[in-house]
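Residues per chain are reported as follows:
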Amino acid sequence: MKFSGTMMELGCIRQFAHIVGSLARLSKVCVLRITRTHLYFIINEPGTVHRAPGLWAELDLGHYFSAVTMAGVSEEHNEIFLEFEPDKLSGTLRHLQVPECQCPTLKIKLSKKLSPCLTLEMQMSTPGQWFTTSQSCHSPGDSGNLYQEPEMPQFTTSIYLPPLKKVRHVVERMKNLAANLTLSANRKGTLVLSITSDTASVSTYFRKLSMPTWDMEGGPSQGDDQQLYSATVEIKKLLSFLAGEQIGPSKVICNIVEDRMIHMFLLHDDVTLQYFLPATRST
Amino acid sequence: MNFRDQANVVLSPSGIKVTVENAKCAQANAFIESDMFQEYEIEEEMVIFKLNLTSWIECLNIFGGGTSGAATTSLKMRYRGHGYPLVLELEEDGVVTDCEINTEEPEDTLDFDFFSTGIMNKVIMRSECLKEVFTDLDVTSEMVEIIMSPEAPFFRVSTFGNYGTSQTEISTESEMVEHFECKQTLKQRYRLALLKPSMKPLSAALKVSVRMDARGFLCLQFMIKTDNHHICFIEYFCCPEEEEGDD
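Chains as they are written, first to last, in the numbering used here: chain A, 1 to 283; chain B, 1001 to 1247.
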C-alpha cells in the first residue's frame, strides 16, 4: 500500500480544503478510497436505504495532484481504503488558506509505521520550509461491500436546484418553525419546499427550473407532468448538505425517490458530490 | 417586539395593530398604518385574532427581509374571517412562498387607560439619547427608577445594583431633547426585566416620547421610519412597581 501526491495550485488546495471541511460538518469518520484515477470520500450513514452512503465524493486525481505514486493492496485490487477523521484533516488544511500563503504546496503521503498514517506536508510562505502533520488511520473492514460506488436510485423525479444560497436561506427560516421539511418536484420544473407546524404552514415555490435529461434505465417513468412527487427529510441534515455551496458547484441536481429518499448531485469540473438523504417518514 | 410568542392582531380600516403582553404588567403595541400598503381592503370595522408571532416573523423573513440587496420582496396578506388562517403570499424574483398562519381566539388585552387619566409629564427626544441610557443600565439592579420633574433634575434614570447606585440625568437644554413638558414631579420604579423588551424598538426608532401619567404608568412611544419613508409607531406600556413604603 503506497500513495503520495503533490498539490501545487492554490485553487485546487482551496477546493480540497472546502470539501474536507464539508465532510467534517457531516460526520466524525470518513472513508478515503484511492484508485489509479480517482480519490473518493465516503460517509456511510447507518440505516440508509439500500445501505447507500450518506455522501459520495469523487475527485479526479489528475486534476488535483501532479506527481502521483500509488500502489494498492494487491494487483487485482489496486485500490486503498482508509478511515480517517475529517475534522482533524480540515483543521490542518486551514493553515494553507491564510492570505500570506505565498507558494503553497501540499503533499499528501500514506506512510506505514505501526499503523497506516496520513501525512500532510505543507510549504507556506518560505520555500523549503515544510510543516508536517501526521494522522493515524486504519483500514475499514468490509470495504468491498460498503464502499462501492452507489447505484443511481430509481428516482421518481429529477430537477436542477436553484442557486444553493437562495435555497439555504429559505431552509434556514423554515428550520426555526419545524423539524422536517418536504421537498416536492414535478416534471414541469417546479420545486416546492414546505413545512407544517402547529402554528403555521409554509410553502416556497421555485418555478421554471430546468431538468436534467436521463437516458438510462431507472429514469423517471411516464405519468402526469404536473404531479408533484415528494419526500420528507430532517431539516438539520438538509442544511448541513446545503453548506456545500462553498465548493461552488456549477450544477446541483436533486433526485426525489418518492417517500423514500432525496439524492443530491453536486457537479463541478473535477469533483462530483453525491448526497443521500433518507426520508423521515412516508406521507 | 416578539418577547412573547403569542400576539393579538387587530385589523381595522386605519391599519394593523399588533399587541404583545408580558405578565399582565407590560404591553407593546405596534401600529402599521394602511398607507404602508399599496392596496388595503377591509370589509368589517374591526377583526381581532391571536397568532404565533415568531412564526409570522419567520415567514415574513423567508427571503431575507430586504437584506438581500437589490431584490425586492412583495407581500400579500389575506384573512377571510373568524377561524381561517392568515394567508401570506410573498414573491421575490419569481419565487413564491405561501404561508398559512393559524389563528386563535384573541386574548383579552389590558387597557392601560392611559390617556383619560391625564398625562402629567412628557419628554420627546432623539432615540440615541435614551438608547445610551438604557444600554448602560446596571443589569444587577432589579429596579429602574425614573424621575420626571418640572424642576431639576428634570429627567433622571437610576439603578441600584450590587456595585452601587448609578444615576443618569438628561437636562432640558440637551440638543437631544425636542420637547419637554412636565407638570408635576413624579418618581416611579419599574422592573428592569419589564423594561428590557423596549430596547429593541428603541434601537430602530428615530424619536421616542416618554410619558408618565398621574398613577405612574410609563408609556414609551417609538417613531420608526421605514425604508420607504413611512412612519410607524410602537407603543410600550409598563406598570410601576408598588412602593414599599420607605419612600
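These aren't lab readings, by the way, just hints derived from the structure by calculation. Treat the hints loosely; a few may be bogus.
Unchecked claim - Only pairs whose alpha carbons sit at most 30 Å apart, straight line, appear in this in silico DSSO-like list of lysine-lysine:
1) B:K1076 x B:K1187
2) B:K1225 x A:K166
3) B:K1200 x A:K166
Hints and how they fare:
no.	hint	in the structure
1	B:K1076 x B:K1187	violated, 46 Å
2	B:K1225 x A:K166	holds, 28 Å
3	B:K1200 x A:K166	holds, 28 Å
Of the numbered hints stated above, the single one contradicted by the structure is hint 1.
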